[in-house]
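K.L.:
Construct the entire structure; sequences and hints are all you get.
Protein chains in written order, with our numbering: chain A, 1 to 473; chain B, 474 to 696.
The hints are simulated quantities; they were obtained by calculation from the structure and are not laboratory data. Certain hints may be false.
Said to hold, decoys possible - List time: in silico DSSO-like cross-link candidates among lysine-lysine, alpha-carbon distance up to 30 Å:
#1 B:K537 to A:K382
#2 B:K671 to A:K382
#3 B:K492 to A:K382
#4 B:K675 to B:K652
As the list claims (entries may be wrong) - Cβ pair distances, simulated, as ranges:
#5 B:A484 to A:E254: 47 to 53 Å
#6 B:T617 to A:E254: 54 to 60 Å
#7 A:V248 to B:A640: 17 to 23 Å
#8 A:R423 to B:D600: 44 to 50 Å
#9 A:A389 to B:R615: 44 to 50 Å
#10 A:F425 to B:R501: 47 to 53 Å
#11 A:E265 to B:N663: 42 to 48 Å
#12 A:S222 to B:K652: 29 to 35 Å
Remember, predicted model here, so these are calculated numbers, not experimental data. For glycine and all other residues, C-beta sits at the position ideal for the given N, C-alpha and C.
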Amino acid sequence: MSWDKGKGRWRAGGRIRTLLDTRSFRQTMTVGAVFVVVTAAAVLWSRTLLVGLVKDHVADLLARDSETQRQMGDFTDAPALAAELRRRAHLEPETARKRLVIDGGGRVLYGEAGNAARLLAALGCGPSGPQDCGTGRIDGRGEGGTVQGLVVPLADGGRLINAYDIQPMLNQMQAVPLAVGIGVVVFLLTSVSFGVYFSSGTLRRVGAITEALASYTGGDRSRRIAVGPADDEFASLGREINRTLDRVNRLVEEVSSVSGSIAHELRTPLTHLHNRLATIAENCADDHLRRELEEGIEETRRIQHLFRAIMRLGEIETGRCAMTMEPLGAAPLLEEIRESYLPLAEEGGVVLTVAADPALRIRGDRTLLFQAVANLVDNALKYAGGGGAIVLTAGVRDGWEELCVADRGRGLAPGQRALAVQRFFRLDPSGTVPGYGLGLSIVRAIATLHGGALLLEDNGPGLRAVIRLGRHP
Amino acid sequence: MRVLVVEDDAAVSYWIGAKLNGSGHACRCIGDGEAALRLLSQEAFDVVVLDRMLPTLDGMEVLKRLEGTRHPPVLVLSALDETSDRVAGLRAGADDYLGKPFDFAELLVRLEHLARRHGQAMAAPGDWLTVGDLVMDVAERRVTRRGVPIDLTDKEFKLLHILMSNAGQTVTRTMLLEKAWGYGFNPQTNLVEVHVFKLRGKIDKDFDPPLLRTVRAIGYVLG
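P.N.:
This is the structure we're talking about:
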């Protein structure tokens with residue numbers, strides 16, 4: 001799941017990817033991977049140790065066996081030894097142990113002739129007989145399994161081959177890595193499940209916090225994080241964020257009431273001044289003086305206007321303004337603005353046109369967007385007028401909904417663009433162009449309130465002012 | 474016109490009172506909300522001017538108490554002049570909202586409109602409006618003067634509709650702006666003047682006598 005800012009909700013598309021990206025999942029997986037590597041190494045090592053142990057043990061057994069037989073005088077000649085072994089056969093049944101007595105001519109005197117060939121082949125003895133095997137300890141692998149044996153030379157040139165089939169023992173040992181392997185797989189699956197469980201839990205809680213914060217920044221000042229019954233780190237984080245939001249709300253209220261009081265305190269004397277001037281002007285017989293007084297009245301009106309613009313900016317910047325986000329047709333909005341400014345444009349000889357897809361619907365507050373685009377058109381008329389052209393467009397660029405006012409005037413130098421959105425910045429400091437230098441600040445505040453930004457781009461020549469709104473669904 | 478002014482600022486209250494009386498209206502001024510409610514239940518008024526910040530009971534609370542009762546239209550006059558304040562005031566039941574500082578002429582025009590609308594009460598505006606030989610078919614969105622059709626843009630039609638609905642009465646520029654563009658729109662230029670200028674060109678230029686008059690520094694009157 002990933003947070004979709006434009007839509008203000010979680011998107012299910014990247015769910016697994018986001019899950020894999022969580023810290024807790026990665027931690028679990030790292031521990032799991034290390035565990036698997038260590039276990040695999042330990043299993044391999046212990047298997048080698050065990051096999052070595054078994055082989056040493058069998059070799060020891062065979063050596064002791066041969067020594068006993070030697071002491072008992074069995075190694076004098078091959079036929080006697082074969083006879084002796086046959087006599088004892090019922091005492092020591094041949095199971096894992098394989099014994100062969102071969103005379104100097106290579107004939108098998110003791111041991112199953114069929115098995116003998118296989119055993120010799122397994123021990124790596126050549127077809128001509130056991131002479132090729134040499135003496136001492138021999139290991140071999142063949143179709144009969146793994147055998148380990150000892151070739152003992154007899155006094156008459158014959159040989160005794162004393163061997164053990166160690167395959168069953170090795171087979172038993174195979175179970176050890178298998179059992180460990182199954183254990184590791186079970187452990188891995190369990191740790192993945194735990195990882196997924198805890199990660200999705202983490203994701204859910206982080207998602208709830210993100211959503212609540214986004215909703216708060218979007219203007220819902222009453223939004224808080226649901227802490228839940230569990231008293232864990234998320235609960236304490238949630239409580240702390242809620243406390244912070246409470247404090248922010250208190251501060252905003254304080255600022256708001258202070259600015260309200262300032263407004264009241266300043267407006268009351270302004271009202272008195274205005275009223276006095278109006279009364280004097282009414283009763284003034286001197287035309288010249290009356291005109292001066294009327295200028296004064298006009299000045300108080302301008303102050304009031306400026307005041308309203310500052311208050312409005314504050315209102316929008318803090319998100320205190322009444323705002324209704326709704327889907328609305330971009331083209332009708334731009335058409336209404338065009339119609340509103342057409343007389344002014346015609347007066348200045350400017351061609352004002354709209355280029356917007358009639359089907360395009362954007363999300364925003366109609367009144368605020370109207371104000372924002374109107375301010376941009378106003379600026380374009382003021383600074384890029386004189387027979388130029390202004391185009392109002394709406395569209396989706398890189399997934400963002402945008403409203404744009406492009407003119408063909410002298411534009412803004414790159415260095416001026418950052419300054420232009422600052423409060424009270426005037427492109428024309430001489431004061432011959434009317435305005436307070438708040439127009440672009442208000443546009444920027446409105447764009448920000450919509451989750452977007454105000455972009456000032458080069459229109460080559462002229463300025464392209466883009467109000468970027470939210471993500472297009 | 475009998476006006477009740479509820480305002481705790483004595484200077485403003487006195488000034489409004491003097492001006493209203495000077496213009497031939499009867500005016501009672503009072504300084505707090507409780508007393509205003511008492512007075513409204515005892516005496517008949519055509520219109521009320523209500524300040525928002527009042528001792529004992531503030532303006533919004535007064536509006537709340539008035540809700541559901543028969544009462545004259547209320548114009549809220551307040552220094553709290555943010556768009557959200559205006560919306561809150563109008564939602565609370567105010568019939569009009571004017572921010573301080575204000576022109577007395579603007580206040581008077583608004584009060585007259587409120588009182589007249591209150592007097593007419595249910596007199597439906599109807600589908601046709603007529604001022605002299607200027608005729609507006611509201612439903613069909615058609616305007617003719619002396620039978621000659623006049624082509625108007627949407628905004629011009631809206632402005633003319635407001636002016637014709639209040640024929641003979643001054644409509645201030647702010648009122649036109651609020652009604653044609655809505656509260657919350659604050660143009661940086663004289664949009665209203667420019668549109669009225671265009672409108673005048675269409676309805677008066679080729680006809681006699683001119684119907685649309687400018688009331689200096691206040692607004693316009695039709696007829």
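K.L.:
Of the hints given before, which are not true for this structure?
P.N.:
Per hint list: 1, 3, 5, 7, 9 and 11 violated.
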